[in-house]
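*Asks:* Quick mapping for you: the protein sequence lines, in order, are chains A and B. Its first residue numbered 1, the first sequence is counted upward by one per residue in the UniProt record's numbering. Its first residue numbered 1, the second sequence is counted upward by one per residue in the UniProt record's numbering.
By construction, these hints were calculated from the structure, which means they are not laboratory data. Be a bit skeptical, because a hint or two may be false.
No copy labels: a pair is met if it fits in one copy or bridges any two.
[Claimed, not checked] Mimicking SDA-like on lysine to any residue, the simulated pairs with C-alpha atoms at most 20 Å apart in a straight line are:
(1) K122 / G335
(2) K122 / G36
(3) K220 / P114
(4) K331 / G321
(5) K22 / G303
(6) K22 / S334
(7) K27 / S38
(8) K89 / R47
(9) K51 / H385
(10) K51 / P344
(11) K27 / G258
(12) K419 / G113
(13) K122 / A427
(14) K122 / S201
(15) K22 / S381
(16) K409 / H375
(17) K51 / A171
(18) K27 / R338
(19) K331 / G28
(20) K122 / I227
(21) K89 / A366
(22) K122 / G83
(23) K409 / R53
(24) K409 / P344
Owing to the predicted nature of the structure, the values given are computational and were not obtained by experimental measurement.
Number of protein chains: 2
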Amino acid sequence: MSSEPLGVALVGCGTVGTGVAKLLLEKGDRLAQRAGRSLVLRKVVVRDPAKVRGADVPRELVTTDLAAVHDPAVHVVAELIGGTTTARKVVLDALAAGKHVVTANKALLAEHGPELFEAARKVERTICFEAAVAGGVPIIRALAESLAANQVTALQGILNGTSNFILTSMAEQGTSYAAALAEAQRLGYAEADPTLDVDGSDAAHKLAVLAQIAFGVTAKPHEIEKIGIDTIDAMDIRFADELGYTIKLLAEAWADNGRVALHVAPVLLRHTDMLAQVRGAFNAVQVVGDVVGETLYQGPGAGMMPTASSVVADLIDLAVGRAQRTFAAAKLWSGQSRGFVIEPSETVRSRFYLRLLVLDRPGVLADVCRILADHAISISSVIQHEALEGRAEQTVPLVIMTHYSETGKFRAAVGAIGKVANVAAPAVFYSVDD
Amino acid sequence: MSSEPLGVALVGCGTVGTGVAKLLLEKGDRLAQRAGRSLVLRKVVVRDPAKVRGADVPRELVTTDLAAVHDPAVHVVAELIGGTTTARKVVLDALAAGKHVVTANKALLAEHGPELFEAARKVERTICFEAAVAGGVPIIRALAESLAANQVTALQGILNGTSNFILTSMAEQGTSYAAALAEAQRLGYAEADPTLDVDGSDAAHKLAVLAQIAFGVTAKPHEIEKIGIDTIDAMDIRFADELGYTIKLLAEAWADNGRVALHVAPVLLRHTDMLAQVRGAFNAVQVVGDVVGETLYQGPGAGMMPTASSVVADLIDLAVGRAQRTFAAAKLWSGQSRGFVIEPSETVRSRFYLRLLVLDRPGVLADVCRILADHAISISSVIQHEALEGRAEQTVPLVIMTHYSETGKFRAAVGAIGKVANVAAPAVFYSVDD
Ligand SMILES: NC(=O)c1ccc[n+]([C@@H]2O[C@H](COP(=O)([O-])OP(=O)(O)OC[C@H]3O[C@@H](n4cnc5c(N)ncnc54)[C@H](OP(=O)(O)O)[C@@H]3O)[C@@H](O)[C@H]2O)c1
Ligand SMILES: NC(=O)c1ccc[n+]([C@@H]2O[C@H](COP(=O)([O-])OP(=O)(O)OC[C@H]3O[C@@H](n4cnc5c(N)ncnc54)[C@H](OP(=O)(O)O)[C@@H]3O)[C@@H](O)[C@H]2O)c1
Chain A
1 MSSEPLGVAL
11 VGCGTVGTGV
21 AKLLLEKGDR
31 LAQRAGRSLV
41 LRKVVVRDPA
51 KVRGADVPRE
61 LVTTDLAAVH
71 DPAVHVVAEL
81 IGGTTTARKV
91 VLDALAAGKH
101 VVTANKALLA
111 EHGPELFEAA
121 RKVERTICFE
131 AAVAGGVPII
141 RALAESLAAN
151 QVTALQGILN
161 GTSNFILTSM
171 AEQGTSYAAA
181 LAEAQRLGYA
191 EADPTLDVDG
201 SDAAHKLAVL
211 AQIAFGVTAK
221 PHEIEKIGID
231 TIDAMDIRFA
241 DELGYTIKLL
251 AEAWADNGRV
261 ALHVAPVLLR
271 HTDMLAQVRG
281 AFNAVQVVGD
291 VVGETLYQGP
301 GAGMMPTASS
311 VVADLIDLAV
321 GRAQRTFAAA
331 KLWSGQSRGF
341 VIEPSETVRS
351 RFYLRLLVLD
361 RPGVLADVCR
371 ILADHAISIS
381 SVIQHEALEG
391 RAEQTVPLVI
401 MTHYSETGKF
411 RAAVGAIGKV
421 ANVAAPAVFY
431 SVDD
Chain B
1 MSSEPLGVAL
11 VGCGTVGTGV
21 AKLLLEKGDR
31 LAQRAGRSLV
41 LRKVVVRDPA
51 KVRGADVPRE
61 LVTTDLAAVH
71 DPAVHVVAEL
81 IGGTTTARKV
91 VLDALAAGKH
101 VVTANKALLA
111 EHGPELFEAA
121 RKVERTICFE
131 AAVAGGVPII
141 RALAESLAAN
151 QVTALQGILN
161 GTSNFILTSM
171 AEQGTSYAAA
181 LAEAQRLGYA
191 EADPTLDVDG
201 SDAAHKLAVL
211 AQIAFGVTAK
221 PHEIEKIGID
231 TIDAMDIRFA
241 DELGYTIKLL
251 AEAWADNGRV
261 ALHVAPVLLR
271 HTDMLAQVRG
281 AFNAVQVVGD
291 VVGETLYQGP
301 GAGMMPTASS
311 VVADLIDLAV
321 GRAQRTFAAA
331 KLWSGQSRGF
341 VIEPSETVRS
351 RFYLRLLVLD
361 RPGVLADVCR
371 ILADHAISIS
381 SVIQHEALEG
391 RAEQTVPLVI
401 MTHYSETGKF
411 RAAVGAIGKV
421 ANVAAPAVFY
431 SVDD
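My request is simple: use the sequences and hints to build the entire structure.
*Replies:* So this is what it looks like as structure tokens:
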């Protein structure tokens, strides 16, 4: 190799960091061949240097001193600790010291993207983040480079592997939400505290990152409506299945006429839809471009080696000099507009699945149908199910599939339906994607 | 824009060229924003300047003179004429004149890759070819950049949209091969002479290109075994379906221990396999990397705008300066080895679907089973179907699914079965992918 090696410091050596260290230490020849120069592990910063790591990191590289990355032989700092407080400081400090940054941290980007990217541009350094969205799926490069001739018009992603694992188990094994979550934890897919995964926050962070690339919008957390899977009832998965649909937690962006709606929610997809086939902890993103049409990217959404694959791809891009060009051209989080403003999902038109628990008395269906009609929502089908075991005897599930209506209007109708006598429980409703 | 515009000459302005011209002429602002500088259409070389084009190309840019691309204001020549004779000259001439080259021509790369890439390296110019494989699907970037940390271990692609369209029609509408082909021609998916599409040649060219990137092997045409769909019988599609499988034309590469087997053939995929769901003229590639695991890329495999999307992505990469870095680092068709040699698919282990037409006499099944046993091939299931309408009365289809065996051994067994009395027609057999 003629060129100088690229020196890499890892800050954090947990799941992802260990995978990256393994690749740098065990696949050095391969990476050097791909990058045209060596990638050398120079420092590994952790909290507890005594902890046994899955990678055989030479002891003298391990430190608890965050300033160790200032070493002039370090050219890139990989922030792999997570969270938004220390991580933010680590990134700003690395940039100030003239290092490029690679991160897998979507929460950090969603919260501090503008500040970090501005800091990087000031010192002419680059931030790479392929691993931050959909783990091993190269969706960042797809949007930023491969689809550069396109304006994205729609984007739908299965971006949280834990949620998808749980939904797949519930659908295929008929397990309850609680049992599926426990299984996900046993298998290491879900954290001890899975809140951010199952309440849609993690997917919303990733959607914010994708929306920045695809639409140039900087979405604040509250601008992405989110409904997680933590309230999903097994009966709705079953009823949807009977109607020919699979429920998936989707992060969606719909662009129209300079406006883009962003939200995370469980959505009914036809069994034959490609996204409906994405099982277990896999992630997938469907991107519609105005030039190319529909494209799909799928792969493992998390895990040690898949995520490390993306982090190391970024390191190679930096070694090759590609990433610096992309960073300069893309002007992410710079306020450079693609002409889009964020609109509330109230205005998005959709079909809906509505499930009520009603007391089996005459007139309930008539009342519900009247309210929908009053909100100009037409019904495509109604199924009254048998009374459920273990529930109050006269309560029966009533499932209504609607034609297209505005989300806001539909929600108003649901509000009114909640006040009808003999409707026993809060209504459950999901968008239907046909 | 501070930088100099990137001057583009199109050689060929048919389906793909017209799409590229439209983007350059109609989406100039967008492309300039993405590239950080303008992309300007300088010349359009065609055979017949009087022909009406779908894009509004200014008359003064159109010429029949191939030397027009020598204009110093042209920085990139996009070869979009197809074929391997004139196209080769166009590319060599452009490089000699100091231009970068973008091409959508897989046949050219498969036949002349080493010569063209050597020529480009000599003059320090870049050849880009995202559009040459799978049209709008960014599979070249995925392999060359996104998965750079990986050694690919397996690759399976639906790379010919015409074949996939025909197979989809046959499977879903139960049409004959001839009727499905006629429909594909009517809709503009298949050429007037569809030979290269349906006999597997086009997919083999694309596989040769992917194999160069993934394994560093330069596959000569005869090193890629190919079976097309032109001999497919509707009954096998039906029988496969009854067994839970979909037949797809796949281009496959299986790597093991420094050896890689390459072939194009119809393969039985489980209905639930992601590739089995790829319908109509769509393309998809599943790539298994030793670090990331299974990833999948899907999108439109051809057509004016999807293909133009990829060509223009290459132009933007050149304008940004990314493509030059990738080209220099990747050393494609340079003989730089990734340590793989091509092995004949004889040695690949697979399950098989075997369908015979036999005279319904005692002992035939026993004879066939004996031959398979003699070749150490064990049987997983046997179905004797009803006599087919319109065929000789006593001929019945016999379908045998085997367990894993070496392809070579299986073929030897099939040869022997062909000689059994009462086996009426040549055996039909396909790999089964579980
Ligand atoms: N896990 C995945 O599959 C995955 C996938 C995609 C993206 N990500 C993202 O990747 C990042 C890392 O995730 P992970 O799963 O690898 O986390 P993890 O397993 O919890 O590892 C975190 C690491 O950071 C170190 N660390 C924490 N605070 C520190 C501090 N103040 N100073 C120095 N070191 C500190 C820890 O040190 P000790 O080891 O000494 O405790 C540990 O090595 C997160 O942003 C996550 O969102 C993860
Ligand atoms: N079509 C697709 O969807 C698709 C998808 C992926 C890749 N590709 C590849 O893209 C390339 C172009 O395909 P296409 O479908 O666009 O072909 P096409 O429609 O047949 O167009 C060919 C163009 O080349 C011009 N041409 C042919 N010979 C020429 C010569 N000697 N000098 C100057 N111009 C010449 C023709 O000029 P006139 O117009 O004057 O006849 C025409 O404009 C091929 O390599 C193909 O494999 C195509």
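*Asks:* For this structure, which hints from the list above don't hold up?
*Replies:* 6, 9, 10, 12, 13, 14, 15, 17, 20, 21, 22, 23
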